[in-house]
Amino acid sequence: MSERFEQLLAERSRLDLPGAGVDWVETIRNENARRFEELGLPTPRDEDWKYTNIEPIARKSFTPADTGESLTGRDLRAIAIPGLDVHRAILIDGHYSPTLSNAGELGDGVRICSLAEAIDEQPDLVQPWLGRLAAEPEHGFRALNSAFLQDGIFIWVPDGCRIDTPIELCCVQHGEPEETVSQPRHLVVAGEGSRLTLIERYVSLHDKRYLTNAITEVFARRNARVDHYKLQQESTKGYHIGSWLIEQHAGSHVMTHNAALGGATARTDIRVRLDGAHAHCDLNGVYVLNGRQHVDTHTKVDHCVADTSSDEFYKGVLNDRSRAVFHGRVVVHPDAQRSDARQRNKNLLLSPDAEVDSKPQLEIHADDVACTHGASVGQLDDDALFYLRTRGVDEETARGLLTFAFANDVIEKFELPRLRHYVEHELTSKMFSIDDLEEII
Amino acid sequence: MSAVGQDIEKLVKREYKEGFYTEIDSDTFPPGLDENVVRAISRKKEEPEFMLEWRLKAFRRWQRMEEPRWAHLRFPKIDYQSISYFSAPKGERPKSLDEVDPKLLETYEKLGIPLEEQKALAGVAVDAVFDSVSVATTFREKLADAGVIFCPISEALQEYPELVREYIGGVVPAADNYFAALNSAVFSDGSFVYIPKGVRCPMELSTYFRINEMNTGQFERTLIVAEEGSYVSYLEGCTAPMRDENQLHAAVVELVAKENAQIKYSTVQNWYPGDEQGRGGVYNLVTKRGACRGANSKISWTQIETGSAITQKYPSVVLEGDNSIGEFYSVALTNNMQQADTGTKMIHVGKNTRSTIISKGISASRGQNTYRGLVKIVKGADNARNYSRCDSLLIGNHCGAHTFPYLESKNPSARIEHEATTSKISEDQLFYCMQRGLNEEDAVSLIVNGFCKEVFRELPMEFAVEARKLLEISLEGAVG
Chain A
14 MSERFEQLLA
24 ERSRLDLPGA
34 GVDWVETIRN
44 ENARRFEELG
54 LPTPRDEDWK
64 YTNIEPIARK
74 SFTPADTGES
84 LTGRDLRAIA
94 IPGLDVHRAI
104 LIDGHYSPTL
114 SNAGELGDGV
124 RICSLAEAID
134 EQPDLVQPWL
144 GRLAAEPEHG
154 FRALNSAFLQ
164 DGIFIWVPDG
174 CRIDTPIELC
184 CVQHGEPEET
194 VSQPRHLVVA
204 GEGSRLTLIE
214 RYVSLHDKRY
224 LTNAITEVFA
234 RRNARVDHYK
244 LQQESTKGYH
254 IGSWLIEQHA
264 GSHVMTHNAA
274 LGGATARTDI
284 RVRLDGAHAH
294 CDLNGVYVLN
304 GRQHVDTHTK
314 VDHCVADTSS
324 DEFYKGVLND
334 RSRAVFHGRV
344 VVHPDAQRSD
354 ARQRNKNLLL
364 SPDAEVDSKP
374 QLEIHADDVA
384 CTHGASVGQL
394 DDDALFYLRT
404 RGVDEETARG
414 LLTFAFANDV
424 IEKFELPRLR
434 HYVEHELTSK
444 MFSIDDLEEI
454 I
Chain B
7 MSAVGQDIEK
17 LVKREYKEGF
27 YTEIDSDTFP
37 PGLDENVVRA
47 ISRKKEEPEF
57 MLEWRLKAFR
67 RWQRMEEPRW
77 AHLRFPKIDY
87 QSISYFSAPK
97 GERPKSLDEV
107 DPKLLETYEK
117 LGIPLEEQKA
127 LAGVAVDAVF
137 DSVSVATTFR
147 EKLADAGVIF
157 CPISEALQEY
167 PELVREYIGG
177 VVPAADNYFA
187 ALNSAVFSDG
197 SFVYIPKGVR
207 CPMELSTYFR
217 INEMNTGQFE
227 RTLIVAEEGS
237 YVSYLEGCTA
247 PMRDENQLHA
257 AVVELVAKEN
267 AQIKYSTVQN
277 WYPGDEQGRG
287 GVYNLVTKRG
297 ACRGANSKIS
307 WTQIETGSAI
317 TQKYPSVVLE
327 GDNSIGEFYS
337 VALTNNMQQA
347 DTGTKMIHVG
357 KNTRSTIISK
367 GISASRGQNT
377 YRGLVKIVKG
387 ADNARNYSRC
397 DSLLIGNHCG
407 AHTFPYLESK
417 NPSARIEHEA
427 TTSKISEDQL
437 FYCMQRGLNE
447 EDAVSLIVNG
457 FCKEVFRELP
467 MEFAVEARKL
477 LEISLEGAVG
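Those protein sequences? They're chains A and B, same order as listed.
Counting with this note's numbering, you get residues 14 to 454 for the letters of the first sequence.
Counting with this note's numbering, you get residues 7 to 486 for the letters of the second sequence.
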């Protein structure tokens, strides 16, 4: 089933990849190419892919995307988040665009640049971190990304440095020609006591069929604070496979917010290693699906040492023939005493043809812990609907309001007001045909 | 280390009082498994031809299957050729209790299951299965008066072949899974229960399974059919001698409940769990499934799992009839090196079907306890409702407690709720009990019992008392 992807792998030789001939870079590539050949693409027989069949992806012959430098600032205006002041880094079809990006010079030793450039020019900064969290690929897609190790963003925040303005990392699919694959690879190192907000977006300018296969490695060092947003807004025909691999050191705090809005088939892996005392991670997420969308969110939080905590909260709304998969695993390792883990997953099933599969999991190997999880699947509350109707709200609006309120539990945790409004807008315009709903809200 | 911590260390001692061996002449097949063994078992049981065909078909399927390894369990590969597939006390099957070998009666007496009717627990009929055969069934006449059939399945195959043929494999198909296929090929005995239309079974039915011989496996098969509007409560218990070798127990239980019928199935599983180092113990790999075939039917599973080195079972209910109800109440305890991967599956097919899952896992010492469950709502199951609650209690720092629920819903009117918690006995709770004058062991016992109360409440009264005692023995020296 992976033959076409093996052909894709062979195309590496014709590409101009960064760090060619440099030992440590080639080692990562070759090791992962070998692992891909062993692993192949995942199938529903793999427990972690039980509910997500990627056969439609495997059947296609994707070719690596070229550098799409034909875009202008005007093309990008349509996808900007209104009123949000950001340092912007733009990737077109997986390649960093220096002309469209404006995040270069921040002073204080902060680096926001192309990963390809950083590999060539500042290997001493990159080498200790790159690939550390992806060393043992869990599935073929991750191995494939590392086998190319092509381009993406490199963010380096020195110790004690605070970046108050958010960084927007925009991965734009130009989508010409059809059936290209882009494999962005991002690396974020937040130094001790630093502060960083990153908005990672996957957007498409056209409704074309393509594959994004991304990996983001994030290191939050001692007492660092990282707010990480992901907006997955791929085209309705696009395929998205993304991995967030996060390592947290003592006293660090990472907030991840994940909004899955687009894509035909989309899968997001989030892996968090809590590797120092008093490290804390929040995982918030919402998926709002319609049509024939299939979105799979697969999270795993490892409490590796004592006195760590995590709080996970995911909500989903399913319409039409869509299907959502939620897998959330919390592992408390031996001796990780006083671990505190909470996890909730709630789903609203609005259509007789939609399906949801939820798999919350606790794996506990220490005794002094407080771990809980809860999951539910249901529909709108009849009493609440009735109440709104008695107040003169028509049925469609009443349903819209209640559905919005359900999803908004997650969105209101977004700390940037402009971003929150943007996502609320995207969500309501996707879900409802009612013009005045936004006004009511 | 705190006082509580020390008691936790102390707590990991236990005694297995059912671990004795009965010296009795037996007729045991040499170890090994091939078609001839399957034929020989069928011949021994004087089975009708269709049964042999069925067994052989299952055996051929089994040979092509692979032993499943997806559970959260670690144990060495089972050598199926080193097991003996049939063992029975010598001689003809006794026609009545008077003919039963006194040694056997003594064995059951020692286990607290007196088979003489005058001594037996009032209101409980017992089928005693010793290795591969049923040695006695009590209160048969009284049950026959009510029209209830309660007998060894081997006997049912001779006396009511058409009835067995109609239902066997109907809920758990012969090749359902690896262990079910093995069981279908080589099952030796078990109980058959048939409750006719409109009958409320006048007494509790119970089967007591005992493994006695070395190197034997026990493969029993239980089939319970409850016709329209009937009711039956059934209980099984199990024990085995202490040995350094592992023994295999691969049973199949099938339940069929028709319109308005109710089946209540309770298990107190106390197979030999192995010693502190994990030597010996029974591998308990069991398939249990019930089908609510008719409207308004109900199947309820209650299990107290304190024994076995390895336990893997998921008593399930397929809710086919509209308004049918499935329930699963479980207490699973793993101490020392015991491992359990257990839970349930609730498959909602009919409209307005409801299911409840209450699972309490207790892990002590180096035990590994896993809850794994599936709640599946198919497209047509309008207004299906599920509530699940899985709590785990950890005692000591080397054990593990894991919760792996699977929720699948394809119907927008269905509601599923799942909650789980994992924690240890809090020092506050212990302190409160102890300042009221309880010693630590009693305090822990009280707290553990409170933790399990929701499940014990579901057991028939006599067994609830026994289950509580069993838990105390199993935890002796393990909690503060």
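Everything labelled a hint here was simulated from the structure, so no lab data went into it.
Do not take every clue at face value.
[Stated by the list, open to error] Stretches of chain A that chain B covers, calculated by requiring three or more beta carbons in the stretch to come under 8 Å of a beta carbon on chain B:
no., segment
1, 15-24
2, 281-287
3, 424-436
[Stated by the list, open to error] Calculated from the model, a selection of chain A residues having no Cβ within reach of chain B, i.e. all distances over 10 Å:
no., residue
4, 60
5, 91
6, 293
7, 368
8, 382
9, 408
10, 418
Even glycine gets a Cβ: it sits at the ideal position worked out from N, Cα and C.
Structure-based check of each hint:
| no. | hint | in the structure |
| --- | --- | --- |
| 1 | 15-24 | violated (count 0) |
| 2 | 281-287 | violated (count 0) |
| 3 | 424-436 | violated (count 0) |
| 4 | 60 | violated, 7 Å |
| 5 | 91 | holds, 35 Å |
| 6 | 293 | holds, 19 Å |
| 7 | 368 | violated, 5 Å |
| 8 | 382 | violated, 6 Å |
| 9 | 408 | holds, 16 Å |
| 10 | 418 | holds, 18 Å |
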